[in-house]
Amino acid sequence: MSMMSEFSKGFYKENPVFKLVLGLCPTLAVSNSVQNAIGMGVAATFVLIMSNVIVSLIRKGVPKKIRIPIYIVVIATFVTIVDLVMAGFAPALHKSLGIFVPLIVVNCIILGRAEAFAGKNPVFYSFLDGLGMGLGFTFALTIISIVRELLGNGSLWGVPLMPPSFEPVLLLILPPGAFLTLGLFLGFFNWLDAKRDA
Amino acid sequence: MDLNHLFVITISAIFINNFVLNRFLGICPYIGVSKNMDSAVGMGMAVVFVMTLASMVTWLIYDFMLKPTTSNIFYIIFSAKEPPDLTYLKTIAFILVIASLVQFVEMVVQKVSPTLYKSLGIYLPLITTNCAILGVAFLNLDENFNFIESIVNGFAAGVGFTLALVLMAGIRERLELAPIPKPLRGVPIAFLMAGLMAIAFLGFSGLKL
Amino acid sequence: MKEIFKLGGILLLVTALASGALSMVNKITKPKIEEQKRLVVERALIAALPTADPKAIEKVIENDEILYYIGYTTQEKTDIAGYAFVAKKAGYSSVIETMVGVDTTGKIIGIKVMEEKETPGLGTKIEEIKYGESAPWFQLQFINRYAGELAVDKDNGPIRSITGATISSRAVTNSIKEGLEQLEKRLGGFKKQANPTQTEQVS
Numbered sequence: 284m285s286m287m288s289e290f291s292k293g294f295y296k297e298n299p300v301f302k303l304v305l306g307l308c309p310t311l312a313v314s315n316s317v318q319n320a321i322g323m324g325v326a327a328t329f330v331l332i333m334s335n336v337i338v339s340l341i342r343k344g345v346p347k348k349i350r351i352p353i354y355i356v357v358i359a360t361f362v363t364i365v366d367l368v369m370a371g372f373a374p375a376l377h378k379s380l381g382i383f384v385p386l387i388v389v390n391c392i393i394l395g396r397a398e399a400f401a402g403k404n405p406v407f408y409s410f411l412d413g414l415g416m417g418l419g420f421t422f423a424l425t426i427i428s429i430v431r432e433l434l435g436n437g438s439l440w441g442v443p444l445m446p447p448s449f450e451p452v453l454l455l456i457l458p459p460g461a462f463l464t465l466g467l468f469l470g471f472f473n474w475l476d477a478k479r480d481a
Numbered sequence: 002m003d004l005n006h007l008f009v010i011t012i013s014a015i016f017i018n019n020f021v022l023n024r025f026l027g028i029c030p031y032i033g034v035s036k037n038m039d040s041a042v043g044m045g046m047a048v049v050f051v052m053t054l055a056s057m058v059t060w061l062i063y064d065f066m067l068k069p070t071t072s073n074i075f076y077i078i079f080s081a082k083e084p085p086d087l088t089y090l091k092t093i094a095f096i097l098v099i100a101s102l103v104q105f106v107e108m109v110v111q112k113v114s115p116t117l118y119k120s121l122g123i124y125l126p127l128i129t130t131n132c133a134i135l136g137v138a139f140l141n142l143d144e145n146f147n148f149i150e151s152i153v154n155g156f157a158a159g160v161g162f163t164l165a166l167v168l169m170a171g172i173r174e175r176l177e178l179a180p181i182p183k184p185l186r187g188v189p190i191a192f193l194m195a196g197l198m199a200i201a202f203l204g205f206s207g208l209k210l
Numbered sequence: 002m003k004e005i006f007k008l009g010g011i012l013l014l015v016t017a018l019a020s021g022a023l024s025m026v027n028k029i030t031k032p033k034i035e036e037q038k039r040l041v042v043e044r045a046l047i048a049a050l051p052t053a054d055p056k057a058i059e060k061v062i063e064n065d066e067i068l069y070y071i072g073y074t075t076q077e078k079t080d081i082a083g084y085a086f087v088a089k090k091a092g093y094s095s096v097i098e099t100m101v102g103v104d105t106t107g108k109i110i111g112i113k114v115m116e117e118k119e120t121p122g123l124g125t126k127i128e129e130i131k132y133g134e135s136a137p138w139f140q141l142q143f144i145n146r147y148a149g150e151l152a153v154d155k156d157n158g159p160i161r162s163i164t165g166a167t168i169s170s171r172a173v174t175n176s177i178k179e180g181l182e183q184l185e186k187r188l189g190g191f192k193k194q195a196n197p198t199q200t201e202q203v204s
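Residue numbers (the working numbering), protein chains in the order written: chain A, 284 to 481; chain B, 2 to 210; chain C, 2 to 204.
Note that these hints are calculated values from the structure, not bench results. Each hint should be verified, as a subset may be incorrect.
Claimed, not checked - Calculated pairs, DSS-like style, for lysine-lysine (alpha carbon to alpha carbon, straight line, at most 27 Å): (1) 131(C) <-> 155(C); (2) 112(B) <-> 348(A); (3) 28(C) <-> 68(B).
Let's have the full structure, built from the sequences with the hints guiding it.
Now the structure itself:
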């Protein structure tokens, strides 16, 4: 088990969005602007790292039968912390992410990593796993949001970039655009893999 | 009770703000369980049932245990000086309540109707991590719905989810035989289909209620 | 049976620990969150009543409900700069709340949208600031207008609605109109405009 691979697998090989197809609700919902995407990514990464570390620390004392409810309590605690801190210090972001902040609690990536990795591995590796997976999630959200915001609104991070003659493809920042963009990205990565294997 | 208002909530939750196609809630089961019609219908029924119950229970919990009002249970039991504001515990309270609720429903259905259990049973455990259930609880709060409105909204949101799921299952059953480019087969084409369906649902947004 | 109690006990302990930790975090963030909410109203008031001294704005409260605000030109509170109120109406996907300021004749002197969750790219354009401009173009259209004029172009009024977001545009416009009429009733009428024709020449 090399440390580097625990960290880097989240980006491509086991990217939670593109490869494991997990955490789709927030991916679709908040990728309409780069700001939202990165805000969500950072929030989820924090929760992922903290819950992985705590789950790994308590893994020997947790009775098998009730491990899932306990993991959920741990995750919900950190989600609430993120929620409260964001409301106090980044109210604009908190408002535009809306209910998707508390819904990080049911993001399958987080419970999935607690169950599949942190519950069985030592603290430091769990930390790296959480960090890598979190950044992989953020990376996926960011590239989807770049496509959607640039083509759908003609801007990046809220800054207009396209020439005035550019007519934004409004559809892309509306809900259908989220499905279409993610579908094409998934297809693109499948095609890339098939080409590499051939 | 204003029936007209409840009708607006229902239509809005099913069509205009469809849970899956407009609010992006419950995407995992939407993609995962839409491969055939039977499982789509089973999953849909289970979601409608649990969503209605969850709307009911979370509303009661929020209004009588978390909200700082004089009817707060803790205020009454401990005869505190001021009603405690426990709203910051809502995430943790809601997820635990929903998880136990699902377990409880599973046990009851198993005891009462083994046939129903056979068709719904396997979908129930999957529901705990379905963000649509927790989502509806938070949306009810966001919209400041009262008890009846919350229940109606929960039920209608479940129906909207089922509608999207069943439509998708119908399409995917046909897609099995369609000549789709290899990289797009499976999940990617399902997303593209969902995108087209969402465009169709955008048409409802012009509805004036 | 014994095992159930043991497991239940552990779960209860974990939840209690989590709640305890959260109540500590809540103690730290609560004042900050309330401060943020206050700031939203404060900023909106400054935008709505540009001629008032920000330190001399009073609330008029009835039955725990803020009816409107009075802004004075100085802290001595002798001259009224104008009144402000919150206009609310359901838009397309949310309730849109706007802080509106008028002078003593009932002419709008400033507005600011405080709360909306409309469709991104469409309804949210009520807050859009175009490149190189300093204020949202949609909201600027209301400045210097009286309640009687307020209607969107589709209702034959002068307010240009946002393309693809008539519902949001109409909600803002009508909520302001209704709010103004209500304010006028509460105040027992606005002052007469000094010289209406002259105001028109200036603008």
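Agreement of residue 112(B) and residue 348(A) with the hint, judged by alpha carbon distance not exceeding 27 Å: holds (22 Å)
Can the restraint linking residue 131(C) and residue 155(C) be considered satisfied, given a maximum Cα separation of 27 Å? Holds, at roughly 23 Å.
Keeping to a limit of 27 Å between CA atoms, is the pair of residue 28(C) and residue 68(B) held or broken? Measuring from Cα to Cα gives roughly 16 Å; hence the hint holds.
Consistency note: the structure conflicts with none of the earlier hints.
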